[in-house]
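Asker: Given next are the chains, with one letter for each unit.
There are 2 protein chains.
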Amino acid sequence: MPDDNTVDPLGRFHRWFGQRARATDYAVRETPLGALDGWRVDRSTGDIVHRTGRFYTVEGLRVTALDGTERSWSQPIIRQPEIGILGLLVKEFDGVPHLLMQAKMEPGNINTLQLSPTVQATHSNYTRVHQGNPVPYVEYFTVPGRGRPLADALQSEQGSWFLGKRNRNIIVETTEEVPLLDGFHWLSLAELDALLRLDNVVNMDSRSVLAAYPAPPRAAVADEDSFRGALARSAAAPADRTDLLSRFTAAKAARSLTRERVPLNDLPGWHDDSGRVVREDGRYFAILGVDVEAADREVPRWSQPLLAPVGRGVIALLTRRVDGVLHLLLRARTEAGTFDVAELGPTVQCVPENYQEPEASQPPFLDYVLSLPQDQVRFDAVHSEEGGRFYHAENRYLVVEADDDFPLELPDGYLWATLRDMTELVRHSHYLNVEARCLLACLNTLR
Amino acid sequence: MPDDNTVDPLGRFHRWFGQRARATDYAVRETPLGALDGWRVDRSTGDIVHRTGRFYTVEGLRVTALDGTERSWSQPIIRQPEIGILGLLVKEFDGVPHLLMQAKMEPGNINTLQLSPTVQATHSNYTRVHQGNPVPYVEYFTVPGRGRPLADALQSEQGSWFLGKRNRNIIVETTEEVPLLDGFHWLSLAELDALLRLDNVVNMDSRSVLAAYPAPPRAAVADEDSFRGALARSAAAPADRTDLLSRFTAAKAARSLTRERVPLNDLPGWHDDSGRVVREDGRYFAILGVDVEAADREVPRWSQPLLAPVGRGVIALLTRRVDGVLHLLLRARTEAGTFDVAELGPTVQCVPENYQEPEASQPPFLDYVLSLPQDQVRFDAVHSEEGGRFYHAENRYLVVEADDDFPLELPDGYLWATLRDMTELVRHSHYLNVEARCLLACLNTLR
Numbered sequence: 000m001p002d003d004n005t006v007d008p009l010g011r012f013h014r015w016f017g018q019r020a021r022a023t024d025y026a027v028r029e030t031p032l033g034a035l036d037g038w039r040v041d042r043s044t045g046d047i048v049h050r051t052g053r054f055y056t057v058e059g060l061r062v063t064a065l066d067g068t069e070r071s072w073s074q075p076i077i078r079q080p081e082i083g084i085l086g087l088l089v090k091e092f093d094g095v096p097h098l099l100m101q102a103k104m105e106p107g108n109i110n111t112l113q114l115s116p117t118v119q120a121t122h123s124n125y126t127r128v129h130q131g132n133p134v135p136y137v138e139y140f141t142v143p144g145r146g147r148p149l150a151d152a153l154q155s156e157q158g159s160w161f162l163g164k165r166n167r168n169i170i171v172e173t174t175e176e177v178p179l180l181d182g183f184h185w186l187s188l189a190e191l192d193a194l195l196r197l198d199n200v201v202n203m204d205s206r207s208v209l210a211a212y213p214a215p216p217r218a219a220v221a222d223e224d225s226f227r228g229a230l231a232r233s234a235a236a237p238a239d240r241t242d243l244l245s246r247f248t249a250a251k252a253a254r255s256l257t258r259e260r261v262p263l264n265d266l267p268g269w270h271d272d273s274g275r276v277v278r279e280d281g282r283y284f285a286i287l288g289v290d291v292e293a294a295d296r297e298v299p300r301w302s303q304p305l306l307a308p309v310g311r312g313v314i315a316l317l318t319r320r321v322d323g324v325l326h327l328l329l330r331a332r333t334e335a336g337t338f339d340v341a342e343l344g345p346t347v348q349c350v351p352e353n354y355q356e357p358e359a360s361q362p363p364f365l366d367y368v369l370s371l372p373q374d375q376v377r378f379d380a381v382h383s384e385e386g387g388r389f390y391h392a393e394n395r396y397l398v399v400e401a402d403d404d405f406p407l408e409l410p411d412g413y414l415w416a417t418l419r420d421m422t423e424l425v426r427h428s429h430y431l432n433v434e435a436r437c438l439l440a441c442l443n444t445l446r
Numbered sequence: 000m001p002d003d004n005t006v007d008p009l010g011r012f013h014r015w016f017g018q019r020a021r022a023t024d025y026a027v028r029e030t031p032l033g034a035l036d037g038w039r040v041d042r043s044t045g046d047i048v049h050r051t052g053r054f055y056t057v058e059g060l061r062v063t064a065l066d067g068t069e070r071s072w073s074q075p076i077i078r079q080p081e082i083g084i085l086g087l088l089v090k091e092f093d094g095v096p097h098l099l100m101q102a103k104m105e106p107g108n109i110n111t112l113q114l115s116p117t118v119q120a121t122h123s124n125y126t127r128v129h130q131g132n133p134v135p136y137v138e139y140f141t142v143p144g145r146g147r148p149l150a151d152a153l154q155s156e157q158g159s160w161f162l163g164k165r166n167r168n169i170i171v172e173t174t175e176e177v178p179l180l181d182g183f184h185w186l187s188l189a190e191l192d193a194l195l196r197l198d199n200v201v202n203m204d205s206r207s208v209l210a211a212y213p214a215p216p217r218a219a220v221a222d223e224d225s226f227r228g229a230l231a232r233s234a235a236a237p238a239d240r241t242d243l244l245s246r247f248t249a250a251k252a253a254r255s256l257t258r259e260r261v262p263l264n265d266l267p268g269w270h271d272d273s274g275r276v277v278r279e280d281g282r283y284f285a286i287l288g289v290d291v292e293a294a295d296r297e298v299p300r301w302s303q304p305l306l307a308p309v310g311r312g313v314i315a316l317l318t319r320r321v322d323g324v325l326h327l328l329l330r331a332r333t334e335a336g337t338f339d340v341a342e343l344g345p346t347v348q349c350v351p352e353n354y355q356e357p358e359a360s361q362p363p364f365l366d367y368v369l370s371l372p373q374d375q376v377r378f379d380a381v382h383s384e385e386g387g388r389f390y391h392a393e394n395r396y397l398v399v400e401a402d403d404d405f406p407l408e409l410p411d412g413y414l415w416a417t418l419r420d421m422t423e424l425v426r427h428s429h430y431l432n433v434e435a436r437c438l439l440a441c442l443n444t445l446r
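Protein sequences appear in the order of chains W and V. Using numbering that gives the first Met the number 0, the first residue of the first sequence is number 0, and each one after it goes up by one. Using numbering that gives the first Met the number 0, the first residue of the second sequence is number 0, and each one after it goes up by one.
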């Protein structure tokens, strides 16, 4: 049972997490893609595939997107068609729901360990195709009736980097006795809220699932003339979202996304640079290989390709009070790997390094968001994207409150939503992209 | 303005519809696929394509579906990637909402005319790629703010016959004066309910959109110990459907659907028979060509391929009262063209002719549904599927009430839902397949 954290909030967690970090003996070394153990570069296409044909592949993709303007480009992309599980187990201790989190090392993490959900497993992994040890706690998510589902939907991941990848995001509440295994820790929502405000502690998978956690209402602050009050009123906004759904449907119906697989070794603008696949102008990302040694993982030594973005991104949600109710500015986004034409993303989602050439037009609202005074910045932390596929991929997550004269009428593809809208949409697949879901988890810490 | 129909219910409609039918001068003649004007059979693949590359194509598909068992098969399929509009315009007359319906001839209709929604248009059609006349009333659905959306989602069509096809299903209410054009007619929901009980009057597109019409509550019957009372209680059932969503997500995560395009002229089990593509054992469907002459269409003469099923299908919804609340039995279905692995279909959806060989196992619950006494059959009418793509494709739509001892525990892939669940799910894409949506429109006539 978790101890009482009122005296030393999170003290027990930090001691445990620090001890786990010290005990985690690992090393990650970059290796040329052609020399990765267990992987091969396909001779004719240049695609990077595991010798078993499993796990994932890095391929070339030619994309034509019609989303306002017609854009065409080619890029490497990760294909991983299997649907994995991101599962969060919940149990009440002394009337307070606690979530079972795991300290997990991933080779792409900028720091060794981050907090992952109870279960973070690929399909081959949890169905034990490889006859490894069973994934701990997976039965709570795969055996019907083992607990009470609080949320359960297939959700997409980074559309710029993954081709149509989804994971099952599931939260299950149990009343059973749950054995606490090594490497796992129960945390209350308040504790997780505090950890989400720290840089690079709560990993992407955790943030994605947490976004769907049915947050308890905070009626007490609903009368406050404060950001928190406006957020509480946003959570209690009218349930009818037909107009929002209609705008999103219109955006999807007006767009198209055509994709064609092309050889990775023949991608215009990309080439091999000493065993990395990079863009000639240095923008976007590189594909690189790593050799990993980790004493506490089931497989102590392995190699894999990773995608390394060129810089730290900005993922920002612009909010504005309208008649005292906080409104959140979302943007319909069509990316190379988007599962179904478009999903709703944050107001701003970009890596500023990609727009530094003099002639490059800046993403809308990027400058505005970054120029707001500190007292209008409601959330500001750096978080990492999935360290099992991405190398040192960090984003600055921002929730900002715009001035009262920020325009309500917006360019095509932008939509205002309430917190209630987002909370309802995240219950279904393919409305909110992973960046918007991760921001929703951050936004919920402000309630 | 519609007249008062209390004295002569639907009299005015039938006079108008009969007059339209008599005025519709048309002829449909079967023609070998290789001789269709404007179309060509691709020399190497046998695929049937329009010479402009537009409209739709008939291709071969090899499918492997893992949905309980692993099944593999090959079949022809219609590919039509553009998203069209099925739009229903609503306006109140004397406080009663009326829907603007169109009498429309389609070459595959078993009878000349059926009622289509206000707008039934492909994307090329309504964006006027072909520089034809504008589609009447389309501006209500494409110009934002022109009316108030009541429902708006991309919805799939027949997964066994179409590869990932969707249309935007949209209902818009207007308070403007609406000019009544030739071939259009305002009908109240009560009138449409009456017409849905007739065979082959309300076409598939109308039924699909009508399913999303927010039906007014019928609190008055909620206390009745009747089917209608149980249905009213089902419409007012609790709003929490996390468990239902979780079961559906589990079904999708456990399934997979792999598709590969293969040449139509090299499909195992299928061959060309005098200008038709048919299966050697005569099952499922044929692809055939027709020449059409129609005096009142914008293009007076054209040719096209159509898909002709081998027999009349059964689309049945089994219902059961549980503690006085009507429960509806849905089945997760994975079909060749399903957009995303699985959608929820009716309890039974099949063409019995396909299961007549002695060794063929019957679809579950087909015999049960057909064997129930007449007083447990709540809805029974024959409706057609889209006559613009399917030739004489009829289904018997049934809503039946099972005995009180019908098992609540069911095989994998079956789910109980309330009417409130279905009404909520139909607001989103890819939960209810077109057969389930059409049945929902039929079920709503019983409220």
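These are calculated hints, taken from the structure and not from any lab test. A portion of the hints provided could be inaccurate.
Some but not every residue of chain V turned toward chain W, in silico, with C-beta under 7 Å [what the hints assert, rightly or not]:
| hint | residue |
| --- | --- |
| 1 | Arg145 |
| 2 | Asp151 |
| 3 | Ala236 |
| 4 | Thr241 |
| 5 | Leu256 |
| 6 | His270 |
| 7 | Pro372 |
By construction, the Cβ of each residue, glycine as well, lies at the ideal position given by its N, Cα and C atoms.
Asker: So, for every hint listed, does it hold in this structure?
Answerer: Consistency of the hints with the structure:
no., hint, result
1, Arg145, "violated, 12 Å"
2, Asp151, "holds, 4 Å"
3, Ala236, "violated, 16 Å"
4, Thr241, "holds, 6 Å"
5, Leu256, "violated, 10 Å"
6, His270, "violated, 31 Å"
7, Pro372, "violated, 34 Å"
The structure is inconsistent with the numbered hints 1, 3, 5, 6, 7, although it conforms to all the rest.
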